[in-house]
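Undergrad: Protein chains in written order, with the UniProt record's numbering: chain A, 1 to 269; chain B, 1 to 269.
Quick caveat, the hints were computed from the structure, so don't treat them as lab data. Predicted model, so just to flag it, every value in this text is computed and none were measured. You can take every hint at face value.
No copy is singled out in the list; a pair is fine if it fits within one copy or between any two copies.
SDA-like mimics (lysine to any residue), calculated; alpha carbons at most 20 Å apart, straight line:
| # | residue 1 | residue 2 |
| --- | --- | --- |
| 1 | K268 | N82 |
| 2 | K268 | I206 |
| 3 | K268 | E162 |
| 4 | K268 | R202 |
| 5 | K268 | E55 |
| 6 | K268 | R83 |
| 7 | K268 | E111 |
| 8 | K268 | T159 |
| 9 | K268 | G207 |
| 10 | K268 | V31 |
Below are the chains, spelled out letter by letter.
There are 2 protein chains.
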Amino acid sequence: MPHDFDQAILLAPAGGHRFDGATHAAYANMVGPFGGTTGAAMLNAVLLHSERIGEPIALTVNFASPLADGAFEIEACPARTNRSTQHWQIELTQNGEVAATGSAVFAQRRETWSATEAQLPPDIPPASALRRMSQAGFPAWVSRYNMRFLPGFAPGPFTGEEQDHSISRFWVRDEPPRPLDFPSLAAICDCFFPRIFIRRRRPAPIGTVTLTTYFHADTPLLAQQGDRHVLGLARGLNFRNGYFDQTAEVWSDDGHMLASTHQMVYFKE
Amino acid sequence: MPHDFDQAILLAPAGGHRFDGATHAAYANMVGPFGGTTGAAMLNAVLLHSERIGEPIALTVNFASPLADGAFEIEACPARTNRSTQHWQIELTQNGEVAATGSAVFAQRRETWSATEAQLPPDIPPASALRRMSQAGFPAWVSRYNMRFLPGFAPGPFTGEEQDHSISRFWVRDEPPRPLDFPSLAAICDCFFPRIFIRRRRPAPIGTVTLTTYFHADTPLLAQQGDRHVLGLARGLNFRNGYFDQTAEVWSDDGHMLASTHQMVYFKE
Chain A
1 MPHDFDQAIL LAPAGGHRFD GATHAAYANM VGPFGGTTGA AMLNAVLLHS
51 ERIGEPIALT VNFASPLADG AFEIEACPAR TNRSTQHWQI ELTQNGEVAA
101 TGSAVFAQRR ETWSATEAQL PPDIPPASAL RRMSQAGFPA WVSRYNMRFL
151 PGFAPGPFTG EEQDHSISRF WVRDEPPRPL DFPSLAAICD CFFPRIFIRR
201 RRPAPIGTVT LTTYFHADTP LLAQQGDRHV LGLARGLNFR NGYFDQTAEV
251 WSDDGHMLAS THQMVYFKE
Chain B
1 MPHDFDQAIL LAPAGGHRFD GATHAAYANM VGPFGGTTGA AMLNAVLLHS
51 ERIGEPIALT VNFASPLADG AFEIEACPAR TNRSTQHWQI ELTQNGEVAA
101 TGSAVFAQRR ETWSATEAQL PPDIPPASAL RRMSQAGFPA WVSRYNMRFL
151 PGFAPGPFTG EEQDHSISRF WVRDEPPRPL DFPSLAAICD CFFPRIFIRR
201 RRPAPIGTVT LTTYFHADTP LLAQQGDRHV LGLARGLNFR NGYFDQTAEV
251 WSDDGHMLAS THQMVYFKE
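For reference, chain A alone in the conformation it holds in the complex (with noise of 0.2 Å):
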């Protein structure tokens, strides 16, 4: 039986650049779907697009309005193609309206001198000796991921008492286990709780309305990864009058970087 994460990007070709998805209840949001689906059906239809080359380097998406459940079609139009890089811009319509735009730069990597200069914080116990944290009063696709908190990094208790910082560090993995690739990838770089709820210890009315992700990761990286946990670490940098960004990074469980990932968020009060 096919993963419901497959279910939820599934896309049938709609002819020219156009390709025909649907939502998926098991990807469910407080309103419409989870957003990292949508980022992750945006991304498969310019890995499934025929003009494609190489792999995701970058995806940008822009929530312009929430999804309804239901049908959705994407349209993935190459911009421009390079000798090794290739630009994507993306459009995802419900209805004839535009709920979601993105871009994407597709590349074909080659060996270089490579570093890791971002560090992991200390003493990061594995994922095996941490308990899965409970999905209970959480939206549909919260139950889709298999989140582990490092201890003092989880998101609540929600007292509504303000901290001085909005970090989490957590073990996640797609619930049922699924190979890593890249949209798995790109739906984990939304997974991260809005940080406002964290730092003030309270839920509160936010929507996303752009994320950036950095795919360091290539192929065999991914191989490597497997269905594994893999580690994520994310802060807030700044809340002014309405949005906050939030930035995160997702590490494999043998250390190296597979993604860094930058959201802009809307908040209420």
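Position chain B relative to chain A; hints supplied.
TA: Chain B only, in chain A's frame:
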């Protein structure tokens, strides 16, 4: 006399969503123009557009090919307008070929609870206590900025001896001074030297493929800053097989985060 920066981002309405512009010799880079002015011109197209609401929240610019010196055309289309937010798709062409694509989120901000979570490094001397970096040997655009690096965080010397970080810290303003606005802030977000030059202490063939900037400043905060130096903090997170990301913050001289900005950069060897 208008500032060269205003000349570099000057656009003439060309009907519909189109605007005509041209590169400016004062902001020339090694090949074609400085990417900061390209992105600022794309943002300016939205700012000048009659249907625009609010102020910029986010800007993504994808550099699809090197621009040639000379005329260009920008098309800025409102993809979706909501009550307080607006999503834009932007395309820059030269001779009918796509040279850059982009997207922007604009919004009407309201006053809310606010907090700055990122922290400034300790002991930052004021700009007035530091000497301006020499522009000798750099392309023209570098002379259009007054950059004053903090001791120990200058880009050189290029000894070729790799160091374990790629951090830069410096004060920067337009040269000659010009009051900060959204286009000039967007351009400053691309004035950070490529992290690989710092990390490996030597120049290398590079090219930014995509740049995303989040605007934390609104008009009152920009007005408060005026034409004084802002503080730039930049570092790389990961360098791997032809691409690295760099992440940076721009701060006002009274401790407000004005923008956070991220990019993915191609490198050779």
